[in-house]
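A.B. asks: Line by line, the protein sequences give chains A and B. Going by the working numbering, the residue at position 205 of the first sequence is 205; the numbering climbs one at a time, nothing skipped. Here the working numbering = 1-based position in the second sequence + 320.
These are calculated hints, taken from the structure and not from any lab test. Some clues are possibly wrong.
[Said to hold, decoys possible] Negatives, chain B to chain A, calculated, CB over 12 Å:
id, residue
1, 363
2, 451
3, 504
4, 550
5, 618
6, 623
7, 624
[Claimed, not checked] Residues on chain B that point at chain A, a partial pick, calculated with CB under 7 Å:
id, residue
8, 453
9, 536
10, 537
No residue lacks a Cβ here, since even glycine has one placed at the ideal position from N, Cα and C.
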Amino acid sequence: MQWNSPWQRAVLTALPSFIALVVALFVGALLSRTFAEAQNLGNIGIQVTPLAFAALAETMVILTGGIDLSVGSVISVATTILGVSSVQHPWAAIAAVVLLGAAVGLVNGIGVTRFQIPPLIMTLGTMTLLSGMALLILQSPGGTVTPVLTSVMYLVAGAVSPALGVVVLATAVLGWLTLGTRWGLRLYASGAAPQAAGAIGIPVDRIIVQAYVVAGLVAALAGLAMAGTLGSGDPNAGNLVTLNAIAAVVLGGTSFAGGRGGVLGSLAGALLLGVVANLLNQTGVNPSAQLVVEGAIVLAAVILQRLRSYLAGVRAGFPL
Amino acid sequence: MTTELPRQPFRVLRAVLRASDSVMYAVLLLAALVTNAISPGFLALGHIGDLLLEASLVGFSALGEMLVLLLGDGNIDLSVGPVIILTSVVVSAVSQGQVHLLLPALLLATLLSGVVGLLNGIGVAVLRVPPLIMTLATASMTEGGYFLYTRGFASGSTPTNFNNLWITRVGFLPGSALIWLALALLLAAWLHWGKGGRELYLAGANPKAARITGISLSLVTIRSYVLSALLAMLSGLALTGYIGLPTMDYGTNETMAAIAAAVLGGTTFEGGRGTVRGVVGGTLLLTVLQAILTILNVSDAGKLMLDGMVIIAVMVAYQWRVHKTR
């Protein structure tokens, strides 16, 4: 059987991380009695939702061969906007957050394409700017987030969190966008081989800007989810999310070179990180040790991926 | 370019303008002069010494970051900040303010930083892990390590003699600034004349050609990462000496400052381009900008926003010039 259609390749890339996720769930059930209880599984869903959205956003940019450091600070600003104003004007505040996400993506995309600024530096710039904006809106954690968001986030039906359902839906939509449309094909081509893509007439720069805008929109969703989870604004809410989102994308098998991998793997990566973090909490592991464990997991995953492509190379007759 | 003839008399001027970091130095000079006009005494020798002391705290690690960025091909060191804090924590905890314990403390800090650098280098060069991920992982593990060790509260202090080394002034120059500038000169000489330095530039600019001439890319890569970690350690030592106590506040901020200073100084991500002169200037620019904002009583929020805008504006300016001169 030939495994060559984009869908099949996406499933294949994501498979190891889904297997790791299942293993982690089994290990969790063995190690901790409370882990597999419906309430805890529902909690994992709630805890992991912002990270999962952020990982989806990050995937869109990494597929172009770039990186987006501003995802976390979009989340921070979103929670401050919602914390300050969403009780009086819930829908206006939500609309403002979504617009902000799109605008940040547009600025990042234009900087990276039109001005050819390296993505790391461009998004470092917007990240710094946005963290200033978050502090300007709210100097310390506070404010109240509209029940419209908190009630959605904390709905739990048995072990299933509907918020996580929205994440799965978003993954499906992005999966269709990247794997099932012409735009997606152009995105993968622009990320994998920008010069070749340009040579055959693909408007590479425009596609990349659009990818950054999509990433900004999804980052705004992560902000809504984070605000709903916290119930208040926090100018530092997203600080740690960016790096975790990058870790999730890497765990999901998406390559930093661009044009390889996809949103499905990132969803699995984010869930895996969420399950491991929850498990470490449940088993009473020191929160500092979690940093070490997370670093080790990411390293192990990348080294395994390298090993796999090395072995594939050997099998194909190209040792190196 | 059609009008080549009348430009002859301006050859020197053009050469200066084309030098990769002239814009940055012009901005630095302008910023300093404007601030001096707003707040007289800003450019008094004593205050220049203060600024240089502050600059040196970031300066060591910015030079290290440059050595890694020079490799090109996505090489970057995100573990700089955690190594700085690790150094601060270890030196204070081991020396406990006593001179005879300083040597073991310094040895341990060197060993630990060296190991982080070595891990980064081996991961990137041998295991071929993307540098961003490799150094992110070591950063997170280093952070976890010192949080585990201190349980969140750093203890101990450094001996007074050690602190004095960094803050005592020779003329108007504090020790830390002197050490930084001397080291920068040394590094510049090594990059310019040393075998390793030439290898680094060649490997960054054209890895294929470098390999053909017999340069070991792995060795060059590992060397850069180890040097970066050791320079970050020096930042950690200077910071601890300056404060006199261990600090655990910064971390990622320190990493971003080092990268920003290196990039403001004209170090590119494509590799093979970047100078010690530029990075020293970039560090000074970053310091002066912070000082201006403090003088103008700008809040932390405003500072961050302006920092972001400056990073983007300088990068746009660089790119614009590159396109014009091509």
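A.B. asks: Does each hint hold? Answer for all of them.
C.D. replies: Tested hints:
{"no.": "1", "hint": "363", "in the structure": "holds (27 Å)"}
{"no.": "2", "hint": "451", "in the structure": "violated (9 Å)"}
{"no.": "3", "hint": "504", "in the structure": "holds (23 Å)"}
{"no.": "4", "hint": "550", "in the structure": "holds (21 Å)"}
{"no.": "5", "hint": "618", "in the structure": "violated (10 Å)"}
{"no.": "6", "hint": "623", "in the structure": "violated (7 Å)"}
{"no.": "7", "hint": "624", "in the structure": "violated (3 Å)"}
{"no.": "8", "hint": "453", "in the structure": "holds (5 Å)"}
{"no.": "9", "hint": "536", "in the structure": "violated (15 Å)"}
{"no.": "10", "hint": "537", "in the structure": "violated (13 Å)"}
Checked against the numbered hints above, the structure breaks hints 2, 5, 6, 7, 9, 10 and satisfies the rest.
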